[in-house]
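Engineer: Numbering (my numbering), first residue to last: 1 to 102.
One or more of the hints may lead you astray.
[What the hints assert, rightly or not] Straight-line distance between alpha carbons at most 25 Å, and here's what the computed DSS-like set of lysine-lysine pairs gives:
hint: 1; residue 1: Lys9; residue 2: Lys46
hint: 2; residue 1: Lys46; residue 2: Lys32
hint: 3; residue 1: Lys58; residue 2: Lys46
hint: 4; residue 1: Lys90; residue 2: Lys32
If you're looking for bench data, these hints aren't it; they were derived computationally from the structure. Only a predicted model underlies this, so the values are computations on that prediction, with no experimental measurement involved.
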Amino acid sequence: PQVRAFFQKYFNDEFRDRIPVVAAYPENYQDKQAYLSIGLTSPMPKSKGYHLGVLCEKWGLERNQVLLVDDDRNNVVAAAQEGYGAILVKNRKGLEEQDLTQ
Numbered sequence: 001p002q003v004r005a006f007f008q009k010y011f012n013d014e015f016r017d018r019i020p021v022v023a024a025y026p027e028n029y030q031d032k033q034a035y036l037s038i039g040l041t042s043p044m045p046k047s048k049g050y051h052l053g054v055l056c057e058k059w060g061l062e063r064n065q066v067l068l069v070d071d072d073r074n075n076v077v078a079a080a081q082e083g084y085g086a087i088l089v090k091n092r093k094g095l096e097e098q099d100l101t102q
């Protein structure tokens, strides 16, 4: 909800309404039957790599066109290493303007 509120403040309706969300908890896709059921050939990475890849595929985006906003430093570091934009949200307060200006 806080991310959507942020986008409502800074972006127009056309853009805001197109913000996709990919929800899949990696712990649920570690055994073979589970990860095969969603088209993976190996366990889902514990980072957000799968989620970001789905966004790129669905929307025809390059990695450098995607921004991950996350409260887990490991996810942010992994995303940045894979070529995505990434912002760490501190103290689980949600995305704040200062996060974008640092």
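Engineer: Give a verdict on every hint.
Structural biologist: Each hint, compared with the structure:
1. Lys9 x Lys46: violated, 32 Å
2. Lys46 x Lys32: Answer holds: Lys46 to Lys32 is near 15 Å, not above 25 Å.
3. Lys58 x Lys46: holds, 21 Å
4. Lys90 x Lys32: The hint is violated at about 34 Å.
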